[in-house]
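Visitor: Residue numbers (the UniProt record's numbering), protein chains in the order written: chain A, 1 to 339; chain B, 1 to 294.
Since the hints were derived computationally from the structure, they do not count as laboratory data.
Careful: at least some of the hints might be erroneous.
[Said to hold, decoys possible] If you only want the chain B side, here are some residues facing chain A, beta carbon under 10 angstroms, derived:
id, residue
1, L137
2, F229
3, L266
4, T276
Note that beta-carbon positions come from the ideal geometry of N, C-alpha and C, so glycine has one too.
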Amino acid sequence: MTSTTDGHLAADLDERRAGTSTPRFVAGKVGGALASLVLVVVLGFLLFRMIPGDPVATMTRDRPTSPEQLALLRERLGVDKPMWQQFLDYFGGLFQGDLGTSYMYSRPVADMIGERLGPTLLLVGTATVLAVLLGMWLGIRAAWKRDSAFDRVQTGVALTLWSVPQFWLGLLLLIATQGLFPSRGMRSPDVPEGFVAQSLDVAWHLTLPCVTLLAVIYAQYMLVMRSSLLEEMGSEYLTTARAKGLRDDLVRRRHAVPNALLPAVTLVFLQFGMVVSGTITVEAVFSWPGLGLLTYEALRGPDLPLLQGVFLVLAGSVIVMNLLAELLYRVLDPRVRAS
Amino acid sequence: MTSPAWQRRRTAAGQLWREFRTNRGGLIGLGVLVAIVVLAVLAPLITDEGGLDVITATGSPLEPPSGEYWLGTDVDGRSVLLLTFWGARVSLLVGFAATILSVFIGTLVGIVAAHFRGWPSAVLLRITDFFLVLPSLVLAIALSSVLTKGIWTIVLAVGVTSWPATARLVRAQTLTIESRPYIERATALGGGHGHIIGKHVLPAVLPLVLANTTLVVGSSIIAESTLSFLGLGDPTVVSWGSMLQTALSSGSVTAGAWWYLLPPGLAIVVIVLSFTLVGRALETVLNPRLKAGR
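My request is simple: use the sequences and hints to build the entire structure.
Guide: Written as structure tokens, this is what we have:
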């Protein structure tokens, strides 16, 4: 996943050299993202409607059904029409916020996703903010004291966490903190009414999933912040700052770090795809009622319309986040702004 | 195979090995990997496969580690040590097979996108970027949920979703190599696409692909365990991911059966970390910029 970032930074550099004007740059990026979104929609249709074959046959596998019932079911699900017609219906439905109807729950997929969006945003948001803060802080320390014991231990820990499957880390935390934190869900049933009590209860439930997600994503921020600061450290303006008689601490805080922040800031958006993957397993472990758990539940069926809906939302949001990263990079980098 | 080119390559390989040996992390990783692979291959010879069968299991459910069962037993009374041992076979098989598929697609797309000009290569590049952005796990989940469950479905799902990074890398390297004068000379002497790619580009790109491959195996093994953990693996085969899934779904984790949880997880960490160490060591040896810079 490091190469994902590298690839994008390299692409950004190419564009910088080309010196395209801002409106053209934005239009190009937005157009590219729109094309990607259409591709995601097509891919979703291909994966969940064309490859699996007849959903009615799968659904009625264990029950005796008459041909009339089968035909009725096919008509209700809209799978009796030719493929191209199905695709047009599905594509048109998307514009009206219609993601189809779940096989398992017989409810609109869009409603089910809407209900689960909040918890996922809470989990992902909290973990990302904490990961950015922790990762940058550790990365700055590690780079400033390069090759020290602290640096080597930090890089080692980051590498090890990189090799750890997220769900296993979650399971370990569950077993290590036996009973200290709730093992599943987002709320306890017996908590009194009132904002404070409710929030505390949610925070208590949030601790373990959040720590698990944090442990896996902070390492990227740390490594990027470290290497980015290392690149700045040979710069002459730092020698100048020191020659002025600035304390080491001030040289770092006022001069080196602001210049090294850029890659880490855009990483927040670029890394979103990895965070999304992480939430699926973490939510499955802790039964956190978000999109990840919804995916996990949909896999039991498999509930194809539901899976398709979650796939569209997750993939779509990753594309939007990447677009934001590319646009933000242009806004933040003064070298690009000036041209 | 005694042509000057091959002699030169053999000397280069010897040089590579000498440099690799100076990297302690890489050497440790390589040692661990060789040991694991040998043990996994020999599993049917040194252990009794019958112990994997739920019906003939001899222990009682969830026994803690003892003299008889060194790592305790699982919910069905099978030895956790034996399960972990056999799980290595699935993880390695899927890891290697998915990597071969992924690296093959990635190298092919990368070289074609760099070597040929015009719209086909632009389209290829666009597709690569599209898949690079999409989270591969989400795509792999989607693929393995609609196909028949089984080891080869997992291989396919992991393999066809993890190639874009390799493609990007190979494309960049191919572009660098093709800008060199000796390629121009080969073209001037009448070398066709096949000759240039096969004789010049491929040998120059392969070392880098090799370093990348070792890193891909690690992430493939993690992807395999994640998919199995989500219940998408082959239900008839024991893998580390499926062991962890049973541990959670049977309530063994909440019951505090740490001996059921630690072995498969640690095995994944050790094997992936070893691949990462070897990959990083290879990268350092092969990339002159890293060597001089640090």
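Visitor: If a hint holds in the structure, say so; if it doesn't, say that too.
Guide: Each hint, compared with the structure:
1. At its closest, the beta carbon of L137/B sits 4 angstroms from a beta carbon of chain A; the interface hint therefore holds under the 10 angstroms criterion.
2. Annotation: interface hint on F229/B holds; nearest CB of chain A at approximately 5 angstroms, less than 10 angstroms.
3. Interface restraint check for L266/B: the shortest CB-CB distance to chain A comes to about 9 angstroms, inside 10 angstroms, so the restraint holds.
4. A least Cβ separation of about 6 angstroms between T276/B and chain A falls short of the 10 angstroms threshold, and the interface hint therefore holds.
Hint compliance for this structure: every hint is met.
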